[in-house]
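Trainee: Work the whole structure out from these sequences, hints included.
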Amino acid sequence: MSVQRHELHTLTGSYALDALASPERAAFEKHLDRCDTCADEVRGLRETAARLAMATAIAPPREMRQRVLAAAPLTRQLPPPGRNLLPGRNLLPGRNLLPRPGRRDGPRRVRPSQAGVTAAILALAAAVVFLFVTQVATQHQLRQVQASSRAIAAVLAAPDARVESMTASVGGTVTAVMSLTRHEAVISSAGVPALPGGKVYQLWVMGPAAPRSAGLLPASRAGITVPVLAEGVRPGDRLGISVEPAGGTARPTTAPVVVMPVPA
Amino acid sequence: MLAGVARGDHEAFEAVYDQLAGPVYGLVRKVLRDPAQSEEIAQEVLLEVWRTASRFDPDRGSAAAWVMTIAHRRAVDRVRSEAAAALREQKVLPGPVTGEDVAELVETALDRQRVRRCLGTLTTLQAESVKLAYYGGYTYAQVAELLGVALGTVKTRIRDGLIRMRDCMEVTW
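Each protein sequence line maps, in turn, to chains A and B.
For the record, in the first sequence the residue sitting at position 104 is 104 according to this note's numbering, with numbers rising by one throughout.
For the record, in the second sequence the residue sitting at position 112 is 112 according to this note's numbering, with numbers rising by one throughout.
Since the hints were derived computationally from the structure, they do not count as laboratory data.
Misleading hints may appear alongside valid ones.
Said to hold, decoys possible - Some but not every residue of chain B turned toward chain A, in silico, with C-beta under 8 Å:
id : residue
1  : H10
2  : E14
3  : Q43
4  : T52
5  : R112
6  : V115
7  : I158
As the list claims (entries may be wrong) - Below, simulated SDA-like cross-link-like pairs (lysine to any residue); rule was C-alpha separation at most 25 Å, straight line:
id : chain 1 : residue 1 : chain 2 : residue 2
8  : A       : K199      : A       : G248
9  : A       : K30       : B       : R73
10 : A       : K30       : B       : L151
11 : A       : K199      : A       : R251
12 : A       : K30       : B       : D160
To be verified - Pair by pair, the computed Cβ-Cβ distance ranges are:
id : chain 1 : residue 1 : chain 2 : residue 2 : range
13 : A       : T37       : B       : E14       : 35 to 43 Å
14 : B       : E40       : A       : L78       : 17 to 25 Å
15 : A       : L195      : B       : P58       : 47 to 55 Å
16 : B       : M1        : A       : D40       : 18 to 26 Å
Using N, Cα and C, we set each Cβ at its ideal position, and we do this for glycine too.
Mentor: Okay, here's the thing in structure tokens:
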């Protein structure tokens, strides 16, 4: 099916209003790269559409502000695009800038540039924000949470942050964001079964020496545990989680439900 | 301000939030209707602004247009994926959009007034096409079906209507 050039040109309006179905949108974007007058017109019509948008302003729910502002520092930002992008391509904040959900296919290792990292970090950020709004009762607690959030945010924002995700033997997923330059890792879980009273999940850093406790996983809320920070994490170590008596122990007493290698 | 956001300046992001959260939420809500979903999408959009601020190029348009483009695209993507799912299930067409929810609007009275005045300079068909496409989140093909006119007619009415809006509001891009 071939579409006449002038016919494509009349699509500037529909394109500016996102009124093209995806195949036609893609075809028009291809055309935009070659048609400067179309690109100019789209720009003006998008500005016009923005005025239509501004006129719809209503006050958002008040809690939204706190949630968004709390999540931002926990969300890694994209670096500037550099000079090697094609001039026409970043005209619009298109699909390629929107994060896509990562695939779930068992344990995997991803580079920080991949979209899965974004998803994992957003999940962690959401968990922290969740903690903010549901668990914080006092100013004192708020300060504690803020301090640990800052430490966690520093790991998430580290340039060398890597994400590892594994399925636990008891079910559910354990996700770690690790920064080897900081020697720190942030661990959270989703869907790991709750334990009976008197039992807890304990986190271990397992190096060449004896396993070292990195604290207890907090009880999960809505299936998600709030991220915890593990320090002194070295390349080649492993992170483990085991079921222990309440309060934790000095050495693991049961086989770990998950063992996650720290990349060398 | 977005340049500050791109450098991770939290205060700049707060300022952007305070300026644009209302329009973002308002626009998403206009398209999606459902308050809970709208809040979810609006949050995603604002975090997306934080995340991708370095990709904003002031030579290519205003910050408001950049943010509103992200917001509208997201809202529309949500509507279409849901509509696609619903169509697969039971072949229902999305219901028609009713009149403006003027009563809901709390700020930017001047913007609203100007938009309303300029919409008034359009032909009925142009105004309906633009409103259904933008506020309703419909494709031009759906707009054509809703209005009972030919596809080509809707395409040109949307473009002519928007151009008239642009000139009426003295948009300078």
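Trainee: All hints are to be evaluated individually against the structure, with a verdict given for each.
Mentor: Hints versus structure:
| no. | hint | in the structure |
| --- | --- | --- |
| 1 | H10 | holds (7 Å) |
| 2 | E14 | holds (6 Å) |
| 3 | Q43 | holds (6 Å) |
| 4 | T52 | holds (5 Å) |
| 5 | R112 | holds (4 Å) |
| 6 | V115 | holds (4 Å) |
| 7 | I158 | holds (4 Å) |
| 8 | A/K199 - A/G248 | holds (8 Å) |
| 9 | A/K30 - B/R73 | holds (18 Å) |
| 10 | A/K30 - B/L151 | holds (21 Å) |
| 11 | A/K199 - A/R251 | holds (15 Å) |
| 12 | A/K30 - B/D160 | holds (23 Å) |
| 13 | A/T37 - B/E14: 35 to 43 Å | holds (39 Å) |
| 14 | B/E40 - A/L78: 17 to 25 Å | holds (22 Å) |
| 15 | A/L195 - B/P58: 47 to 55 Å | holds (53 Å) |
| 16 | B/M1 - A/D40: 18 to 26 Å | holds (25 Å) |
The structure fails none of the hints (numbered hints given earlier).
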